[in-house]
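Visitor: Here the structure of chain U is known, so what remains is to put chain S in place on it, guided by the hints.
Number of protein chains: 2
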Amino acid sequence: MPEFRQNMVSKEWVIIATERAKRPDQFLQKKGEKAPLPPHREDCPFCRGNESKTPPSLLTIEKNGSWALRVVPNKFAALQSHLTTQRKHEGRFLKADGFGIAEVIIETPAHNRTIATMDIEEVRNTVWAYKKRYLALAETGKIDLITIFRNYGERAGTSLEHPHSQMIATPIVPPHVRNPLYQSQLACDTYGDCIYCGMMEEEKRQQVRMVEETPYFLVLCPFASRSPFETRIYPKIHRSSFASITEEELMEFAGVLQRTLKRLYVGLNDPDYNYIIRSAPIEDTDVKYHHWYLVIVPKLTTPAGFEIGTGIYINTTLPEQCAQFLREVSIQ
Amino acid sequence: MPEFRQNMVSKEWVIIATERAKRPDQFLQKKGEKAPLPPHREDCPFCRGNESKTPPSLLTIEKNGSWALRVVPNKFAALQSHLTTQRKHEGRFLKADGFGIAEVIIETPAHNRTIATMDIEEVRNTVWAYKKRYLALAETGKIDLITIFRNYGERAGTSLEHPHSQMIATPIVPPHVRNPLYQSQLACDTYGDCIYCGMMEEEKRQQVRMVEETPYFLVLCPFASRSPFETRIYPKIHRSSFASITEEELMEFAGVLQRTLKRLYVGLNDPDYNYIIRSAPIEDTDVKYHHWYLVIVPKLTTPAGFEIGTGIYINTTLPEQCAQFLREVSIQ
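Going down the list, the sequences are from chains U and S.
For the first sequence, position 283 (counting from the first letter as 1) is numbered 333 according to our numbering, and the numbering increases by one without interruption.
For the second sequence, position 252 (counting from the first letter as 1) is numbered 302 according to our numbering, and the numbering increases by one without interruption.
Same shape as in the complex, but just chain U (with noise of 0.2 Å):
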């Protein structure tokens, strides 16, 4: 029987149809549908010996006298740092400046490595970067929200292959952003706690849309997953944005978001996918209502006008089954 599932902090509704269904194997990536990429390409703007084709780095980490990673600002930025941040009316529309920042996060020299693939000091040095780059972006002043993302592959909407990740800061925040902060807020004034925590809480107890746990993480395919093997992680002391991670909590969520997107790796062979951190807006760092998370989004399905009408996505897929499966997956 079809259903419908309410996430609990935004209050949207997915259809959970089981008529449709179909077992989390049959979302199987084409073996050799991705042609194995070189460790370095000569025309490639990210790898090693080609920094002059991007702007000058904003924050390198080095090893044995070469760099490790670096961030730079993103030479095609949809915003630009240079702008004011004012509104505008044009006639009975609203507008603004592009002001923004963006950067490019390269994780690596390697051009061949992802996240799945890579050594675990790639992943602490690529989370680490996250954290000290938030940092100094959160401190110009101009700055409201900054969103973390990773896009992997054609079907997340990258034509790059070298490994990377990217942030966006924005003088705005969306009511995307902001209608599920006002639910948390509303929760919160009700029942006197976070909502996030309380879903851990459930799902701890429920065990059925758990992926793992280790002493500072919760990850789960959640209960309203919108898509098939949608997978979070949740931080399991209350904070309310990724800035506030301690550098042992760090060091822990490189592990798990490694082995998370080895599950999906090994899985299923290698799924395009993107993932973002949801923090809390620059002024709301530290409250009770809001709890950061990372969501990944596997692309294996297409939106299509249902969707795009009414916010009400059709998954063909049980979560419940999702997670069995990511546990099961062998990874080491």
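Derived by calculation from the structure, the hints in this document are not laboratory data.
A hint or two may mislead.
Unchecked claim - What follows is a set of in silico ranges between Cβ atoms, one per label pair, in the way DEER data are often shown: (1) U:R142 - S:P265: 19 to 29 Å; (2) S:D336 - U:G141: 25 to 35 Å; (3) S:T104 - U:D75: 21 to 31 Å; (4) S:L78 - U:D75: 37 to 47 Å; (5) S:H139 - U:K338: 48 to 58 Å; (6) S:H139 - U:H139: 44 to 54 Å; (7) U:E297 - S:D243: 48 to 58 Å; (8) S:T104 - U:D169: 50 to 60 Å; (9) U:K84 - S:L87: 28 to 38 Å; (10) S:E378 - U:D93: 34 to 44 Å; (11) U:D169 - S:Q374: 43 to 53 Å; (12) U:E263 - S:R70: 38 to 48 Å; (13) U:R142 - S:V379: 22 to 32 Å; (14) U:E263 - S:K192: 38 to 48 Å.
Note that CB positions come from ideal geometry on N, CA and C, so glycine has one too.
Guide: Chain S only, in chain U's frame:
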């Protein structure tokens, strides 16, 4: 210079990324990418002669002793009509049986046509069937929202070639629909009139995003278009629900819809698209604050991590240039 633009109703923002800007003609689809379809396929459940492969027809339009259009229940529906609409708790989570009604409008017996290339009579049949079935579903009493949509092509999420639209009736109004309604209600409480009517006045004044104007309809590329060639058809007479369209308006609507899709078909070499008719929820069928419209979203770009994370879409074309391009397409 890039700019932020706000959707006047939903309050969501887009980035018009002029630094990455593409000219409209750079979205031309490759000729010959889609193999021409045969007029009939033995194995197509929607082709003439295969009527037994679908559930019995709910509405049939006949011509010359055979069917010209059929509406049938969706055999692979994500929702089912025999369930209850009651919400249930599962621990802290909320869910409901997957009650709903899903129908398919088989627009023509010809396998190889689409709205842009049909006889106008077939388009008229199609929109007439939309209204007829909308009214029938609204009368069942268990439905809160009816979404009419068309997924065209693989990138738009359909694998069925035969020309068809869909209609899904749900017992739920999700936040994705409710939030903009709430905003337009606030605007109406503030200014005393429909925000969409005001937007159309502004568009007629500025002229730059208009594609076509007829006695009853305006076609335009919205100020805050989320993606290249987003195009909307608005009725000029205020009505909150598509169900209230008159017979005369409906016949004109068929022509406007076909011409608009033909501009995309001819101008961009047959791109994939979704279109959606956004009507008010059933119980708000006759309100001042909502105004129905049809939105066409051509599938020319891929939303990535930033869009998923923030709801801020990065659009690499100027809506003004897209509108001009569409106006100038020769569709005679």
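Visitor: Are the hints correct? Go through all of them and say.
Guide: Right, here's what the structure says about each hint:
no.: 1; hint: U:R142 - S:P265: 19 to 29 Å; verdict: 24 Å, holds
no.: 2; hint: S:D336 - U:G141: 25 to 35 Å; verdict: 29 Å, holds
no.: 3; hint: S:T104 - U:D75: 21 to 31 Å; verdict: 30 Å, holds
no.: 4; hint: S:L78 - U:D75: 37 to 47 Å; verdict: 39 Å, holds
no.: 5; hint: S:H139 - U:K338: 48 to 58 Å; verdict: 24 Å, violated
no.: 6; hint: S:H139 - U:H139: 44 to 54 Å; verdict: 47 Å, holds
no.: 7; hint: U:E297 - S:D243: 48 to 58 Å; verdict: 57 Å, holds
no.: 8; hint: S:T104 - U:D169: 50 to 60 Å; verdict: 55 Å, holds
no.: 9; hint: U:K84 - S:L87: 28 to 38 Å; verdict: 30 Å, holds
no.: 10; hint: S:E378 - U:D93: 34 to 44 Å; verdict: 37 Å, holds
no.: 11; hint: U:D169 - S:Q374: 43 to 53 Å; verdict: 52 Å, holds
no.: 12; hint: U:E263 - S:R70: 38 to 48 Å; verdict: 42 Å, holds
no.: 13; hint: U:R142 - S:V379: 22 to 32 Å; verdict: 28 Å, holds
no.: 14; hint: U:E263 - S:K192: 38 to 48 Å; verdict: 41 Å, holds
The earlier numbered hint that this structure contradicts is number 5, and it is the only one.
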